[in-house]
Every structure is written in structure tokens, then in C-alpha cells.
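Chemist: Build out the structure end to end from the sequences listed, making use of the hints.
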Amino acid sequence: MAKITKQSENFSKWYTDVILDTDLADYGPVKGTMVVKPYGFALWTNIRDTLNKMIEDTGHENAYFPLFIPKSFLEKEAKHVEGFAKECAVVTHSKLIAEDGSLQVDPNSRLEEEIIVRPTSETIIWHMFKKWITSYRDLPLKINQWANVVRWEMRTRLFLRTSEFLWQEGHTAHATKEEAMQETLDIVEVYRTLFEEYLAIPTIVGRKSNLERFAGADETFSIETMMRDKKALQAGTSHYLGTNFGSAFDVKFQSKDNKELPVYATSWGVSTRMVGALIMVHGDDNGLKLPPKIAPTQVVIIPINSKKENETKFSENIQSISKTLRDMGVRIKVDDSEGSPGYKFNKWELKGVPIRLEVGMKEFESKQVTLCRRDNGEKTQLNIDSLKDVQEILTNIQSNMFNDAKQFMEKNTCTADSFENFSNILSSENKFIKAYWDGSDETELKIKEETKATIRCIIDDVDDNTKKCIYSNKPAKHLVVFAKAY
RNA sequence: CGGGGUGUAGCGUAGUCCGGUUAGCGCACCUGCUUUGGGAGCAGGGGGUCGCAGGUUCAAAUCCUGCCACCCCGACCA
Numbered sequence: 000m001a002k003i004t005k006q007s008e009n010f011s012k013w014y015t016d017v018i019l020d021t022d023l024a025d026y027g028p029v030k031g032t033m034v035v036k037p038y039g040f041a042l043w044t045n046i047r048d049t050l051n052k053m054i055e056d057t058g059h060e061n062a063y064f065p066l067f068i069p070k071s072f073l074e075k076e077a078k079h080v081e082g083f084a085k086e087c088a089v090v091t092h093s094k095l096i097a098e099d100g101s102l103q104v105d106p107n108s109r110l111e112e113e114i115i116v117r118p119t120s121e122t123i124i125w126h127m128f129k130k131w132i133t134s135y136r137d138l139p140l141k142i143n144q145w146a147n148v149v150r151w152e153m154r155t156r157l158f159l160r161t162s163e164f165l166w167q168e169g170h171t172a173h174a175t176k177e178e179a180m181q182e183t184l185d186i187v188e189v190y191r192t193l194f195e196e197y198l199a200i201p202t203i204v205g206r207k208s209n210l211e212r213f214a215g216a217d218e219t220f221s222i223e224t225m226m227r228d229k230k231a232l233q234a235g236t237s238h239y240l241g242t243n244f245g246s247a248f249d250v251k252f253q254s255k256d257n258k259e260l261p262v263y264a265t266s267w268g269v270s271t272r273m274v275g276a277l278i279m280v281h282g283d284d285n286g287l288k289l290p291p292k293i294a295p296t297q298v299v300i301i302p303i304n305s306k307k308e309n310e311t312k313f314s315e316n317i318q319s320i321s322k323t324l325r326d327m328g329v330r331i332k333v334d335d336s337e338g339s340p341g342y343k344f345n346k347w348e349l350k351g352v353p354i355r356l357e358v359g360m361k362e363f364e365s366k367q368v369t370l371c372r373r374d375n376g377e378k379t380q381l382n383i384d385s386l387k388d389v390q391e392i393l394t395n396i397q398s399n400m401f402n403d404a405k406q407f408m409e410k411n412t413c414t415a416d417s418f419e420n421f422s423n424i425l426s427s428e429n430k431f432i433k434a435y436w437d438g439s440d441e442t443e444l445k446i447k448e449e450t451k452a453t454i455r456c457i458i459d460d461v462d463d464n465t466k467k468c469i470y471s472n473k474p475a476k477h478l479v480v481f482a483k484a485y
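Going by numbering that gives the first Met the number 0, the first sequence opens with residue 0, and the numbers climb by one from there.
No lab work stands behind these hints: they were computed from the structure. It cannot be assumed that every hint is accurate.
To be verified - Each computed BS3-like pair below joins lysine-lysine, with the alpha-carbon atoms no more than 30 Å apart: (1) K78 / K387; (2) K445 / K229; (3) K2 / K230; (4) K229 / K346; (5) K141 / K129; (6) K451 / K30; (7) K405 / K361; (8) K343 / K78; (9) K346 / K378; (10) K483 / K466.
As the list claims (entries may be wrong) - Now the in silico label distances, taken between C-beta atoms and shown as ranges: (11) N345 / S426: 46 to 54 Å; (12) A84 / E419: 34 to 42 Å; (13) F67 / N395: 43 to 51 Å; (14) D48 / A84: 47 to 55 Å.
Computed from a predicted model, the values in this text were never measured in an experiment. Where is the CB? At the ideal position from N, CA and C, for every residue including glycine.
Modeler: Written as C-alpha cells, this is what we have:
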């Protein structure tokens, strides 16, 4: 395990170093693909299980739809096609021929209709919804699936943007516009809770501008987060799809009073990108820093008994400490591998384990453990009889990490009253900027061109004429957050 | 696709301009001894079709031709 690049030297390199050195993931052989290694998968699993419970608790059911989508399905919703056409993996043949030890595609096996590897599942799900929805009694239909999707991206980065990624995608169908919009917003709250209470990541929530909206949505809400380099990461989205997919797939239902009515839709998702957010929001020069609630290992115990004194009693002590913690429901690991204590301290700090307990002869004799916190580096002595305090310390670390991140985001969010001021901030400090915007695509594009900052989301609407657009100076329609984004 | 690079052991590299011993070094790995409370030391050891194919030559990692792959910067994006 080599030393990682400092954040201040090269943040991108730091990010990659951390992922590779902590065994979260590795590169796959096909460009843009990623192997999620056991430590990374354990982290993902914890996030997934937490969110899955929240999704089920809000009345959604899990299901699984096919990976393969007929090409014609994607053509049915005009904007959806446009948005995804340029990044689809396409299956065109079904056979290979072995020739002198090499494989050739069999030209005779060409498929009549090409198959798309799903970049998202709206089309296939609405194809099925047509079969399932006929009456008001079938609504609302609230489905979620955990799946992999493929988007053939030009530039990829571990966890943030890979050709294939894991996610959950929720798809719901409703009888009214109001109900669908409420669902869209309810999900935003579910995501916000996941981020703030479990991942300890503060969020900014708002609507997307026309240009940034999901292909096929009438309205997109996004969860925006600030990384340690002050760049924004869109960490989750919830879309109000109106009747776009309902009408594209000809889904209608009969109401109580026997009318034929359109079906309203939502879709929403979060992905393995969350792991990237976790790394970049909390990590420091010593590596990962994982919030206790989702850390694969919450407490690592390092036995230190180099001289192998009193071995039996010593290891009984370690076992008793482990058992006490395990019985409390704490996820622990004892590192009794070979290697120096210093090496292990650094290794587990790098891996972001919230609490390290050092137990050597000193501690053994005084019936104590040395407790070191990953969030602030504090070392304290803890009596063996007070091990139950660990639970409370974990809770404290969790909230401390959230507060740190929140403070960081607030400190690096400002307002701008002129475009000159606006550009200066972006070129010198790279902060989030709250500013007024006239609501036009044109202005948004010009600002992006000149500063590389984009509208992350709309946080408020304006209807009096006193507020002016930061760029055009025309009457403002919205208060928005600008930032450079991943 | 436009611009710029790079391919030598698991990783990082020297050597290429100017062809010439057994392709060198660091990390990692293996063995042994000494160590072990903040990334241990010493000694020994294993691992290479020098991206691929062809050519020039007594001799090619090095020169020539062709191909392939990957990386960085731009448009796309959970």
C-alpha cells in the first residue's frame, strides 16, 4: 500500500489512489468498466439495503425487468431517443464462428431488430405497464428495480461515470398529475434522508433547468452535493414524466365513472455514483472517512503483543472485547495479521474505519483500550467496562461528519450581485454561487461557455420585477445555484 | 471524431536520439534472521515473447513500414 497523492496536489489523482489503494474497486478490461471489489461492494450493499428499506416502507415493490430492450421501444418517446441515442450499446448478432483459434461474428446471425442494452428502463417498463394497467384499481403502480445499466460514455471515472453501473430505478404510474408530482417530491425527501442521515452528506435540492432536465421528463428534481474540491456532483434525480411515456406507450385507464384517462408517471434513481460522493465529501489526505451507519467495518481492533507475552490471557481479552462489541451490534474486525502496528494504523485509516481500538500489554494490564477516532484523530483511553460507550461515539462521529461537511458547503457557497463578481469568484475560488437567472436557455449556455459553471438546480422562483438576471440583466425568473460540476 | 501523448515484470520507470555483454532500478511478492505502540532493517530469491506483425542488419527494446491498444484535453452524462 503506497502513500496516496495529497488532495491539494491533485484531487483527481487522490480520488483514484484512494479507490485503488483501499480495494474499493479496480479497472475492468473493457474501457470504462469497473470491478467493485469486496470492500467496495460491502459499502454499496450497506447503502443499498438502507435505501431499499426506505423504498419498501414508502409503498414500492421490487421487480426485475430485462436487460435487453428492442430498439423500436427507444424510438417511441422523442426526447428520450435524443437523450440516449449517442450512448447505447447495441446487440446486432447472436453467433460467433471459431476460425483457427479466433472468433468471428457470424454474418448470418444478424438480428432482425437490434437490441439495446438498457441505458435506463422507462421504455420497457411502460411497455409492460400497458399490459398491467386498465382500471383505476390498478393505480398507483409503484415499482422499483435494482439493476445494472449501460451508458457508453466518452470519458469515464471510477464510480462517478462508468460504462456500466449499478443503481435502483423507481417507476411509478398514477391516476392524477397531483399524485405523480407528490410521488416525485416524496422520493426527493427519501433521497435527502438517505444522504443526510446515513451518508452524512448535506444536500441542495431543486428543479433542473430545461437544458439539464432528464430526456423525456416534464420536470426533474436533483440532489446536488459539494465535493471537497468544491465541485458539484449530481447525486440523485427524481423525474415527473407527466403523460409522456403513458401516451408514447398508449397506457390509459378507466376511471370509476367510466372515463378513459391518461396515466401520469415518475421515475427516479441513485447509483454507485453515491460511493464516489462519499469518498469526495468526507475523504482527506489519510484516505477514506466512512460514516459509521454505512461503514462495512465500524470498529477495527489492533492487538499489539509483539513480545508474545502471556499469549493465552491476552487473546482471551481480545476475544472478550470483540464479543462485547459484536453483541452490541457493532460491525467489528480484529486485525491479527502479521505486520507492524504503524502499518495497520495507516491501513485502516486509509480504509476509513470510524473507530480503531488499540489493545496492547499496557491496555491489557490496566483493563483499558485506546480508542482512536477517524473523524478527528482524537485518541482516548476507554475502560473495558465502558465499551458500551462505543455506540455513542459512533453516533457522535456520524453527526460530526455531517456537520463538518455541511459547514464546508456553507462556507463555500456565496451569492453574486454582478457578472463580474460572479466570474471572479469562479475563477479564483470555485464556490457554489446563488444567483438570479432570467430562465432562458441562451443565458444558461452563455454562462456555461464563459465560466464553465452550470445551473445545478433552481431553488426558488421569483415573480416581482426587482430581481435582475446575473448575466442578461433582464427580470429574473428563478434563484438558482451555479457551480462547476462533475 | 478534433488536438496532444504513451506502450519495457503486478505497478512505476531507465535504456530508444547514436543498434553491440546476461535489459537496469524502485515499489510489491517469496525465504531466513533481527524487529514490532504511527507505513521496520539486513541478506538472499522468483518473475520480462521490451504492445503486435513484417522488414533492414553479422546483431534490434533501439532503425524502417504497417497495425493495435491505452491515457490526457474538448462535446455527452446517474
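Chemist: So, for every hint listed, does it hold in this structure?
Modeler: Here is what the structure says about each hint:
1. A C-alpha spacing of about 56 Å is found between K78 and K387, which places the hinted pair above 30 Å, so the restraint is violated.
2. Restraint check for K445 and K229: the C-alpha separation of about 22 Å stays at or below 30 Å, so the hint holds.
3. A threshold of 30 Å between alpha carbons decides the hint, and for K2 with K230 the separation of about 24 Å falls inside it, so the pair holds.
4. For the hint pairing K229 with K346, the CA-to-CA distance comes to about 27 Å; that is within 30 Å, so the pair holds.
5. The straight-line distance between the Cα atoms of K141 and K129 is roughly 14 Å, inside the 30 Å bound, and the hint therefore holds.
6. Among the hinted pairs, K451 with K30 is consistent with the structure: their alpha-carbon atoms are about 27 Å apart, no more than 30 Å.
7. Under the criterion of a C-alpha separation no larger than 30 Å, the hint pairing K405 with K361 is inconsistent with the structure, at around 39 Å.
8. A hinted pair counts as satisfied when its Cα atoms are at most 30 Å apart, and K343 with K78 does not qualify at roughly 53 Å.
9. Distance check on the hinted pair: K346 and K378 sit about 17 Å apart at the alpha-carbon level, within 30 Å; holds.
10. Straight-line distance between C-alpha atoms of K483 and K466 comes to about 24 Å, which keeps the hinted pair within the 30 Å bound.
11. The beta-carbon spacing between N345 and S426, approximately 37 Å, falls outside the hinted interval of 46 to 54 Å.
12. Look at A84 against E419: about 39 Å separates their beta carbons, and that is inside 34 to 42 Å.
13. The beta-carbon spacing between F67 and N395, approximately 48 Å, falls within the hinted interval of 43 to 51 Å.
14. At roughly 35 Å, the beta carbons of D48 and A84 sit outside the given window of 47 to 55 Å.
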